[in-house]
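Novice: What follows is the residue order along each chain.
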Amino acid sequence: MTRSPLCWVIGLVLGLNPFPLHADSVTADLSSHAIAISTGFTGASVVLFGATDGPADIIAVIRGPDHEQTVWRKGKVAGLWTNAESVTFANVPSFYLVAASRPLEEIVSTPEAVLHRIGVTNLKFEPKGAVTPERARVFADALIEVQKRAGVFSPSHVKISFLGDRLFRTTFTLPANTPTGTYLVEVFLLRDKDVVGGQTTPLIVSRVGVDAAVFDFAQQRAIVYGAIAVLMAVMAGWLASLPFRNA
Amino acid sequence: MCRHRPVPLGGDFDDSAQGQNFPIMDVYLPIAEVSLDIFVLLGLGAAVGFLSGVFGVGGGFLLTPLLILIGVPAPVAVASSANQLVGASVSGVLAHWRRGNVDFKMGFILLVGGLAGSFLGVWLFTIFARLGQIELVISLCYVVLLGTLGFLMGIESVRAMLRQRKPGAARRKLHRHTWLHGLPLKTRFRKSQLYISALLPVGLGFLVGVLSAIMGIGGGFIMVPAMIYMLGMPTSMVPGTSLLQIIFVAANVTMLQAYTNRTVDAVLALVLLVGGVIGAQFGTRFGMRLRGEQLRFLLALLVLAVAAQLAHDLTIRPKTLFVIPLDYRG
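Read top to bottom, the protein sequences are chains G and W.
Taking this note's numbering, I'd label the letters of the first sequence as residues 1 to 247.
Taking this note's numbering, I'd label the letters of the second sequence as residues 1001 to 1330.
Isolated chain W, as found in the complex (with noise of 0.2 Å):
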C-alpha cells in the first residue's frame, strides 16, 4: 500500500499549534512516525465521538480525513480511524443498549453480509491501490454516496417537519408494500416490529462491508438512511443496531489492515478514543432529545457538506501536480 506525504498541511499545523496559548504536549506515533499535539488528538476523538453517539454513525467518514488534514499519512489514517470506532461503537452501543435501543437480531443479520462484503472490497483496495487510482475511488464513492443520501434525506425530513406544522394533514401509510417485500426467507424481527425477508439486512450488510472496506469506515452513514428507508426500521433502533455491526466491521477492518499493510496506530486510536467515546456518551444523550426528523436533517446537512468539499476537490486543478505514495512496508 501506499501513503502520501502531507507535504504542506503537516508543516502548517506545526506553525499554527505553537503560536496558541493552550499548552503543547506532542505525542509520537509510532506507527504513524509523526508527533502531534495530545490536546488536538483528544479533541478530535471528542468531537467525532459526539457525531457518532447523536446520529449512531462511526464517524470515520469525518475522522479519517481530519487525521489527514493534520500530518497522519492516508493509510494509517484510515485504518487507525478503524482500530478507533470499534471503541467508539462499543461505547455507544451499551448506552444505547441501556435504553433497549438494539435490535440484536436485526444486527448480527446485517453483519453476515457485512463481513462477506468487507473481505470482497480489500480485495477490490488491493487492486485499485495498485493501479494507483484508490484515492480517486474513494473521493468517488464519497461523492456519489453522500451527495444522493444526504439529497434524499434532507428533502425527505424537510417534507416530515413540514407535515408536523399543518395539523390535520394525512398520516404517512405505516407499512408500504414492495417487491422487496416479495422476497423469501421472511423473517420476523420482534424489536424493530417488522416481518421482513432475511436477505434485504444480508445485502444491505454486504453492500456497506465492501464499501466501508474501500472507503476504510464503518458504514454507519450509509446504513442508517437504509436501514430507515430500505428497511422501514423505527428511527429510535436504528443508531443502536448499526453502532452493533459497525464494532465487528470495523474489528474485521483492523485486523485486515494490520495484517496486510502494518498501518493501525494503537497509539493513535487510543488517544483518540479516549476523547471520543466521552463524546459519544453525550453525543447519546444530546440524540435523545431531538426528533427523528431534526436529526434526519442535521445529518444530512453534515453529510451533503462533506460530499460538496470532497466534489470541489476532484474538480479544482491540484496545487502540486505530482505526488509521491510511499510504500508503507518499504
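Looking at chain G on its own, in the form it has when it is part of the complex (with noise of 0.2 Å):
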C-alpha cells in the first residue's frame, strides 16, 4: 500500500531526525507502515521490534496528528445541564499511546520526559485565548480522561520486552476508532534514566477502497454527493413500494 505521501513523510522525518549522529544506537521498525481502513476495519494491530548496541531501555511513543481540541466543562443552568464553559487546546494529538520495557518511572527522569513529551502527562496542550494556568490544567486533565475512555489516549503504557540482551519487540493495536493520519512512531533509548538515542518512524493510517472514494467525494464534490444520497434514497424508495403495488 505503498503511496507517494509515504514517501514523502519518510524524506521529512529522516531529514528532520532530532537525535545527535554520535548518540547510542536504536534501530527500530513497524510491521506495517500503513494501515488501511476499509469495511470491515475492526482495529489493527501493529508489531514494533528493533535492537539497540547494549543492555538499555527502551520507550516507544506513538503519536496521531495534531488538531485543534475544545473541551466543554457541564453546569447546571436554571435547572439544567448544559454546557457551561470551554477551552480549546491548540496542539492535541488525534492518538497518543506509551510502550516501555519497564514502568516509566523507573527508567525515565521528569526533565526528559517532558522534554520528549513522554507519557499523557507530558503532553503540553496550549489553551487559545486568556486562560489561568490553573484552568487549564483542569480542563488538559479532563480531555485527557474523555480520549482515554474513547480508547485514543492509552490509559497505561504497552509493555515492551527484551529477547536477550539487545532485541526488543511490542505489539499495539490501533482501536477501530483509529483516527486517520500520519502518526510518528519516536523510540527512545535510555540509559540511566536518561535519552541517550532514539529514532522515529512514521505509520499512515488512511481509508482505502471503496470507503476511501466515497469519503473523499463526500468532501470534494459535497453538493453533487449530496444529490446522489437524495436521488438513491428516493429510488430505494420507489423500489422497496414495487412487490406491495397490487397488495
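None of these hints come from the bench; they were simulated from the model.
Covered by chain G, per the in silico footprint, the following chain W stretches (three or more residues, Cβ under 8 Å):
no., region
1, 1026-1032
2, 1128-1138
3, 1276-1290
Glycine included, every Cβ here is placed at the ideal spot set by N, Cα and C.
Mind docking these for me? Both chains are given alone in their own frames, and the hints should help you get the complex.
Specialist: Next comes the structure, spelled out in C-alpha cells:
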C-alpha cells in the first residue's frame, strides 16, 4: 500500500531526525507502515521491533497528528445541565500511546520525560485565548480522561519485551475508531534515566477502497454527493414499494 | 460543526453484540468512521420504518437518538437520518397515494413554507453550534414540543374513545369557526374537503421547516397533530400528505448537511433504508386497521415517552462533566 505521501514523510522524518549522530544507537521498525481502513475495519495490531547496542531501556511513543480540540464543561444553568464553559487547545494529538520496557518512572527522569513528551501527563497542550494555568490544567486533565475512555489515549503503557540483551519487540493495537493521518512512532533509548538515542518512523493510517472513494467524494464534491444520496434514497423508496403495489 | 464522541456507549454496544448468538457482520461507515453490525442497523431501520408507516411521521425523532446510542456521531446521525427519511417517505407516500390518501395541493402549499423555514433553521443551527449550545437547544425543543403535543393528543384521543363507548352522546361539531378562518387567501382543498386560508398551511410548513432543520428531523410528529387539530384535515388524509412534504424537507436537509457539514453517510442511510422501506409498507397496512383515535393515542404515548426521557436527561447530573466535540471537517 505504498503511497506518495509515505515517501514524502520518510524523507521529512530522516531529514529532521532530532537525535545527534554520535548518540548511542537503536534501530527499530514496524511490521507495517500503512494501516488501511476498509469495510469491516475493527482495529489493527502493529508489531514494533528493533535492536539496541547493548543493555538499555526502550520507550516508544506513538502519536497521531496534532489538531485543535475544544473541551466543554457541563454546568447547571436554570436547573438544566448544559455546556457551560470551554477551553480550546491548539495542539492535541488525535492518538497517543506509550510502550515501555519497564514502568516509566523507573527508566526515565522527569525532565527527560517532559522534554520528549513521554507520558500523557507530559503532553503540553497550549490553550487558546486568556486562560489561567490552573483552569487550563483542569481542562487538559479532563481532555486526557475523555480521550482515554474513547480509546485513543492509552490508559497505561504497553509492555516492550526484550529477547536477550539487545532485541526488543512489542505489539500495540489501533482501535476501530483510530483517527486517520500520519502518525509518528518515536523510539527512545534510555540509560540511567536519560534519553541517549532514538529513532522516528512514520505510520500512515488511511482509508482505502470504496470507503475512501466515498469519503473523498463527500469531501470534494459535496453538492453532487448530496444529490446522489437523495436520488439513491428516492430510488430505494420507489423500488421497495413495487412488490406491494397490488396488495 | 462538532460531534460528541459517544464514549461509553459505543464500547458497551460492541461487547453486548459479540455476546449474542445472531451472526455478526460489521459494516464500516465511511463518513461516520465507525464499524457497526449490519443486522442491528437493518433492524433499527425496519422498526422505525414500521412506525413511520403507521403514524405518517418520519420517525427521525426516534431514529436519530437510537443511532447516537449505538455509536454514530451525533451530526452524522442527524444528517444520515434525514437522508434515510427521503427514501422511507417516498415509499410511504406511494403506499398512501394508491389508496387515494394524499392531498397534493395541501402538500405543496405546506412545502412552500417548509423550504423557507428550513433555511432560517439552518442559520439558527449554525449560530447555536458556534455557541456550543446546539445540544441544549435540540433537547429543549424536543421536550417542550413533544411534551405539549403528546399531552394534548393523549387527552383528545381518550375523550374520543370514551365518546364512542357512550352511544347517543352528542357528536362533535363538524366545523368550528375561529379567528383562523378569517384570514385572507381562502383556498379550496377538495381532497381534504376544506375551504381555508392558504396562509395557514404556509405558516405551519414554515414553523415545521425551522424546527426540523434545528432538530434534524422531518417534522412529521409536529405536522400530523397540527394538520388534524389546526387545519381540521380528515385523519385518513394526514399521513400521506405529511409524508409528501417530509420527502422534500428531508431532501433539502440532506443537501444542506452534505454541503455545509459533510456529515451525510450514504452507506448508513442505504442500510437503514433497506430495513426502513419494508417496515414502512407493513406499517402502512397495520395503520389502516386501527381507528383514528387509537392511532392518535398510541402516537401520544410514544411522543410522551421520548419527551420524558429527554427531560430526565437534562435535569440529572451527567455521568461525565467534560465533553469533547470534534470539528468534523478538522
